[in-house]
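Chains as they are written, first to last, in my numbering: chain A, 1 to 292; chain B, 1 to 281.
Just so you know, these hints were derived from the structure itself, not from any lab. Note that the Cβ used here is the ideal one computed from N, Cα and C, for glycine as well. Treat the hints loosely; a few may be bogus.
Sample of chain B residues at the chain A side, in silico, Cβ under 7 Å [to be verified]: (1) P35; (2) F44; (3) P46.
Partial chain B-side listing against chain A, Cβ under 7 Å, derived [stated by the list, open to error]: (4) A101; (5) L234; (6) I236.
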Amino acid sequence: MNQRLSANIHGWLLLLPAAALLALFTHYPTAATVWQSFRSTPKGSRPSVFIGLDNYATMLDDPIFWKSVVNNLIYAAGTIPTSIALALLMAVWVNQNLAGRGFLRMAYFTPTMLPMIAVANIWLFFYTPDYGLIDQVLKLFGRGGYNWLGTKDTALWCIIVMTVWKEAGFFMIFYLAALQQIPPSLAEAASLEGASRWYFFRRVVFPLLMPTTLFVLINAVINSFRLVDHVLAITRGGPDNATSLLLFYLWETAFKFWDTGYGAALTVVLLVLLGAFALGQYFYFDRRVHYR
Amino acid sequence: MSAAAHGRSAMEPAGIARALDTLGAWVLAILWFLPLIYAVWTAFHPTEYSARFDLAAPLTLKNFADAWSAAPFARYFLNTVLLVTMILAVQLVLVTLAAYAFARFEFFGREVLFALVLVQLMVMPDVLIVENYQTLRRLGLIDTLLGIGLPYMASAFGIFLLRQTFKSIPRELDEAARVEGCGFLKMLWLVYVPLARPVYIAYGLVSISYHWNNFLWPLIVTNSVTTRPLTVGLSIFAAVDQGIDWAIICAATLMTSGPLLIAFLLFQRQFVQSFIRAGIR
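Let the hints inform the model, and build the full structure from the sequences given.
Take a look at the structure:
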């Protein structure tokens, strides 16, 4: 058999099973979502019909949608910089020969291994009014009786704190791995030059960690749009949609109200957001970050 | 993480700065560990001590027994183990074959297909819930373990990871194996798979922890005890029965996360290394 033909046949056959599943559960649904977003939700005997941009028009006028967008942005702004900064701090500490280094590393990383549902269950108890741990502590100072999760102003922040607690340790390990790659000769040179520790960190270590920061940042952004387990478990989007994130709202629309047409339109928004971020990362960050 | 405890490097602080670093690191670590310690405290003590810290409080396993008998956790455990095993087994096979094709075969449309595979890194199954649910409905796979696993089985992440590894294997090994009369599948099995073992372990650990903890999609797909994984079972247990007290919920929470947590504590280094290996692309 001709060499090239055989390479073609073998290549395609090896790829076939994975390609078929990818087509069925990634490419087809992506296309179908876009198509369905232009159609109405079938109701009873009325089948789905083409309605053009109606779903999107509804969306523009939908206060809960906008609330979810704003919430999601606050959530991203609240979780991403904090968890990255904490992760970096943890990594710098764990990278030194501090007393109890093994314990420190374990303490920082363990929350990462818990399912979000478990994290939510544990933290729910902290936030419970009167009986919960935070209120118990506040009572010592004569305060307390505050319903952290039941108040619009604080509910989203409760979710943010929980998320930072779970995520920071995960990002830490990537920083730690990167820190250990930095040749010790750089630190020696800097110390001979009499550079301060902060100067060395700012001018040498931090720039060298840029690829890691980028990697962690991408993951953090994706996670902020992809993970809503804790919202589902703790607040169900409440009170008064104060903790509704985009994916949560999508779930609620499609699987609680069974409005699949509108759900498809919401999915498209999420896909566009994730896609825009991927493109931005490709065109913008790739140039700003120098890889070693 | 290098195993050798390295000596103090040139820019590491000494004296007061070092003491401050140690203090800060410990304060943060204790803060970070507190929620877990708290959950353990609550789970192992009678309910009255849920919010009262008394070192004389009696230890008990009753909360675990109560949780175990209050919901079909045994079945949930079985479901999760079956689900995670099934997903990983299929993933390993599909990902290996696809990565081998991309790494070693010059076939028509290879670059385009690879780009199409990478689309999944951005358009994740976690977001395509509406349409994937419709697909499962048409296939009659709603409320089945296979239905939960199917969208995740062809993993772009795994294909990418393994392709990189396969590409780094010197082609001379191919030639040698071919001279010995090895077919290409035998070569894959005898040369490529063994050499990529650390990557398989890394991928496996990441996959197991991802699917052990996954929640939203299983919640959507399942609606009976015989298919629900632990995460979904736990959320129903904690949410529905308002009467159930905290100690029991904490016990259930620890119980369901337990196997993964214990595995992590035992094989900490392997887990951390796996996440790093799988992360650096």
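Hints, verified against the model:
1. Hint status for P35(B) relative to chain A: holds, with the closest Cβ pair at about 5 Å, below 7 Å.
2. The beta carbon of F44(B) is not positioned within 7 Å of any beta carbon in chain A (closest approach about 14 Å), and the interface hint is therefore violated.
3. Checking P46(B) against chain A by beta carbon gives a least distance of about 16 Å; that is not within 7 Å, so the hint is violated.
4. At its closest, the beta carbon of A101(B) sits 4 Å from a beta carbon of chain A; the interface hint therefore holds under the 7 Å criterion.
5. Because the beta carbon of L234(B) sits about 6 Å from the nearest beta carbon in chain A, less than 7 Å, this interface hint is met.
6. Restraint check, I236(B) versus chain A: the minimum CB separation of about 10 Å is more than 7 Å; hint violated.
In this structure, the earlier hints numbered 2, 3 and 6 are contradicted, and the remaining ones agree with it.
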